[in-house]
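Novice: Protein chains in written order, with my numbering: chain A, 68 to 386; chain B, 3 to 618.
Check each hint, because a few of them may be wrong.
[As the list claims (entries may be wrong)] Partial chain B-side listing against chain A, Cβ under 7 Å, derived: (1) Ser-226; (2) Val-598; (3) Phe-602; (4) Thr-606; (5) Glu-609; (6) Arg-610; (7) Thr-613.
[Stated by the list, open to error] Only pairs whose alpha carbons sit at most 25 Å apart, straight line, appear in this in silico SDA-like list of lysine to any residue: (8) B:Lys-452 with A:Trp-340; (9) B:Lys-452 with A:Glu-208; (10) B:Lys-452 with A:Leu-275; (11) A:Lys-141 with A:Ala-88; (12) B:Lys-452 with B:Leu-463; (13) B:Lys-324 with B:Val-598; (14) A:Lys-328 with A:Val-132; (15) B:Lys-452 with A:Ala-241; (16) B:Lys-452 with A:Val-209; (17) B:Lys-452 with A:Arg-269; (18) B:Lys-452 with A:Asn-176; (19) B:Lys-144 with B:Leu-463; (20) B:Lys-443 with A:Asn-235; (21) B:Lys-452 with A:Gly-272; (22) B:Lys-534 with B:Val-598; (23) B:Lys-118 with B:Arg-52; (24) B:Lys-452 with A:Ala-245; (25) A:Lys-74 with A:Ala-245; (26) A:Lys-322 with A:Arg-190; (27) B:Lys-452 with A:Lys-74; (28) B:Lys-69 with B:Asp-465; (29) B:Lys-452 with B:Trp-181; (30) B:Lys-118 with B:Pro-180; (31) B:Lys-443 with A:Glu-233; (32) B:Lys-452 with A:Ser-242; (33) A:Lys-328 with A:Trp-340; (34) B:Lys-443 with A:Gly-272; (35) A:Lys-216 with B:Val-598; (36) B:Lys-324 with B:Leu-463.
[What the hints assert, rightly or not] From the derived model, a few chain B residues whose C-beta atoms are all more than 10 Å from chain A: (37) Pro-4; (38) Glu-57; (39) Cys-309; (40) Thr-450.
Hint data in this document are derived by calculation from the structure and do not stem from the laboratory.
Predicted model only: the values in this text are computed from it and were never measured.
Using N, Cα and C, we set each Cβ at its ideal position, and we do this for glycine too.
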Amino acid sequence: MAVPDVKENFSGTINEVTIGATSEEGGTRTSTVTIGGETGYPMLGFEAEYPHPPAFALEISTAGVEGWHDECRKHLADVAGDLGAWAAKCEEWGADMICLCLDAAHPDNEGRSPQQCADDVKRVLEATGLPLLVWGTDVDEVDNNVLPKCTQAAAGENCLFGTAKEDNYRTIAASCLADNHKVLAEAPSDINLSKQLHILLRDVGVDLADMVMHPTTGALGFGMVYIYTTIERGRIAALSGDRLLQQPVLVNIGKEIGRVKEAVSPAQADPQWGSHEVRAPLWESASAISYVESGAELLVLRNPEALRQAKTAIESMWP
Amino acid sequence: MPNVTFQPAGRTVEVAPGVTVLEAARRADVPIRNECGGHGVCGRCVVEIRRGEVERRPARHTPPAGKDLACRCVITGQDVEVFVPAESRQVETEVTIRQVEALPQAFPPAGAVVEKVSLQLAPPSLDDNLADAERLVRKLQKWREEDNYSISLRLLRDLPLELRHAEWNPEVILSVEPWGRRVLRAGPPRGRALCLAAVDVGTTTVKARLLAPGAHRVASCYNSQTMFGPDVISRIVHCQRDEEQGYADLQLRVVGDINRLLGELVRESGLERSDVWGVVVSGNTTMMHLLLGMYPIWIRREPYVGCAYLLPSVSPRDVGLKINPEGRIFCLPSVSSYVGADITAGVLATGLADREKPSALIDLGTNGEIVVGCRDFLVCCSASAGPAFEGGASASGSRALPGAIDSVCGGERVSWETIGGAAPVGICGTGYIDLLAVLLKEGIMDKTGKFAPGAPGVRRLDDDTLEYLFVSAEEAGRDDDIVLTQADVDNLIRAKGAIYAAGNVLLESLGMTWSDLEAIMLAGGFGERLNKDNAVTIGLLPDVPRERIEFVGNTSLAGALMAAQDATGYWRTREIARSMTYFELSTHPGFMDQFVSACFLPHTDPERFPTVTGAG
Ligand code: FES
Chain A
68 MAVPDVKENF SGTINEVTIG ATSEEGGTRT STVTIGGETG YPMLGFEAEY
118 PHPPAFALEI STAGVEGWHD ECRKHLADVA GDLGAWAAKC EEWGADMICL
168 CLDAAHPDNE GRSPQQCADD VKRVLEATGL PLLVWGTDVD EVDNNVLPKC
218 TQAAAGENCL FGTAKEDNYR TIAASCLADN HKVLAEAPSD INLSKQLHIL
268 LRDVGVDLAD MVMHPTTGAL GFGMVYIYTT IERGRIAALS GDRLLQQPVL
318 VNIGKEIGRV KEAVSPAQAD PQWGSHEVRA PLWESASAIS YVESGAELLV
368 LRNPEALRQA KTAIESMWP
Chain B
3 MPNVTFQPAG RTVEVAPGVT VLEAARRADV PIRNECGGHG VCGRCVVEIR
53 RGEVERRPAR HTPPAGKDLA CRCVITGQDV EVFVPAESRQ VETEVTIRQV
103 EALPQAFPPA GAVVEKVSLQ LAPPSLDDNL ADAERLVRKL QKWREEDNYS
153 ISLRLLRDLP LELRHAEWNP EVILSVEPWG RRVLRAGPPR GRALCLAAVD
203 VGTTTVKARL LAPGAHRVAS CYNSQTMFGP DVISRIVHCQ RDEEQGYADL
253 QLRVVGDINR LLGELVRESG LERSDVWGVV VSGNTTMMHL LLGMYPIWIR
303 REPYVGCAYL LPSVSPRDVG LKINPEGRIF CLPSVSSYVG ADITAGVLAT
353 GLADREKPSA LIDLGTNGEI VVGCRDFLVC CSASAGPAFE GGASASGSRA
403 LPGAIDSVCG GERVSWETIG GAAPVGICGT GYIDLLAVLL KEGIMDKTGK
453 FAPGAPGVRR LDDDTLEYLF VSAEEAGRDD DIVLTQADVD NLIRAKGAIY
503 AAGNVLLESL GMTWSDLEAI MLAGGFGERL NKDNAVTIGL LPDVPRERIE
553 FVGNTSLAGA LMAAQDATGY WRTREIARSM TYFELSTHPG FMDQFVSACF
603 LPHTDPERFP TVTGAG
């Protein structure tokens, strides 16, 4: 008896989004990253196209590694004080992109000025040829002052800027439009809220194809299941033709791992959990791999060892 | 215990420390507005603490300098004196009278819930020595094909005298019962009209209409229970707060309201209260409980059951209604704790249960109930939408009264009209629907309802609060501006989202869509000037051909009226209540998702609203 053909055909495709611009494209990047383009559920190579493997960004922060756990810090001791060196190091470690967090602009930190932040962006762009993701402070007012300066400073480089949220999207959308960047749209763990935000962004002129969505992130054991199913649900809708959910998905894992006690607690404090050196990167890479299986295309990590593990794993299984 | 004195009323109460000024005011019977139910959100309960110290709790709304929110001030050990300014005082108690079509002259019609009949009895004789009561019943049995009559002991005691007084030609007044008829009176002709009344006890508004020869008025007033909170939940909470006192408060209020309305109507028609022999009451389940003094608290606790849905007729003496003490009160039946008699009345009034093809009835009142059905089936649910479309709980909300802004137009300048062309006093339901649609179209707010900073009319109150100045105080001719706050918009969007989502869930479980419905009938007391396009633009109503959308007005009152005039209608409401299938949305797995996607203008799925979004 012939084996029946069980391949599924979908009407929708995930958008392809390219971040970064080389000199031919009017920028100064030495490489670009393209994510998306899938035509089916994740990892089902027999029935769908997967033109681009997931991309990994390493996070660097204008506020340094203050508050990061030891297993991260040990890799960064030499570079944490110098954004340029830090970014270059990430490139060396194999990151596809740099995620620059403007934490220092946060009023709880030093409250770095918009101009200083723009200078930070410039410094990173000079130090690395990788495409750039710039992450604001999550304080609306600060973001609205800081991000326009930064989009301007990075004009022509086709960066990804975030985050645009339902309560605060106008300024970032306008400045990304003006300076030709992509927009990272963040809505908390609900596909309806994501759709709504995409509509709002489209209403102010951002093309649906120029958005990457962030359904927020939970670490393994700490809410990952919610986000995982949100991404899955979004994927089902997107592949069934819902254009408002066809944006590729980003998850910001490194930061979340920093909040997980099981991942950050040193071995002396919790000997029953075993070697911290093994545990910390494993928690981060295992989270990342799971998210790839849910459909996420762009993953932000902190720990270079986690990056190595996750990349190796994904390479071995990517269809 | 400390004393709290309220000025200018000059009333003092003694309360325990820990009680809020708002609560103290209730106990002192000084009504203070509290549209948010005392949560520090609406900013309507502004007072001035003139003497003594109180403890101030944090609030979302900041009162003007030197003023306080009564709901946020807690009495400590000290005596205090509180001044209640006029704006905060008026929990409006005025009765409004509206002209409607007159009833036919001959009243009550045969077959009404209470009827009058003149009988000629054969006087007793040695050959025909039946007792007086049996003699009366024998005659009645011939008058209507009906075997069972009951006469109360009180009536029996007077019966021999009354019948002889009437020289065996008595006038008999009877009311309907499931088992037969009850004799309410038998005696010499009174020489007075017999009238009935239909009453709709809404959470926000109480309405009454007299059924008397030529009567053509509907009287309405705010449900004065409003001083204990804007919605059924806060009322029930009040019942629990003070045990006995709590629900006695509420019962007295609503009975008082009905008595006031009937008093006005009777006076206007040149009648007397004792001419009213029957009242048919409709209202949501909680209102029925509170009217009859039945303890309602299990309505709001899982698994949400009321005391009784199918209610017997009761004596006005037991309720405190001031009509003829021998008369009867008929309460229409509820379906569940959140689909009440107002809805069964609505189904009766609109003929939904007799239709050949499925249609929907949507009540935009406080609960936002939806019924879908036809003569073959009826399903219903409650969206718990809140009183947003009745003008409740909004900063400048108003019932549909003269002066309420009921229609808004966009363009260069946002313009408006009021009911009766009077100076604007606030915004009623249809006004809000228009206003949202207009602000959306003009880009003054986005599809989540957030105001655009810097848009015309949008002003900043503080770092993260914007509001829309709709009509300035000078233009409105009142003390404060008529505004639309961000909280108002959020509320309205939640209300419309809940209604649309509830309808969707109901239809989906029937395997139907909105376009399968022959008619979508919209009931509610939110103003008659509903702009259908605007209601669709904001996604309150589905995007169906507009002629399928009908505004049916207050069907609760209309149903009560029908039931009063014709007892078959009264019995029909019981069949309707029994045959309706109730969907509990709070535990429905798909509702929350539907709700979130409907909390957007018009909807998260643009394809559902092709004529609005251009998607298709
Ligand atoms: S703010 Fe006090 S009752 Fe609403």
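Novice: Provide an ascending list of the numbers of those earlier hints which the structure does not satisfy.
Specialist: Violated: hints 1, 5, 6, 7, 8, 11, 13, 18, 19, 23, 25, 27, 29, 35, 36 and 40.
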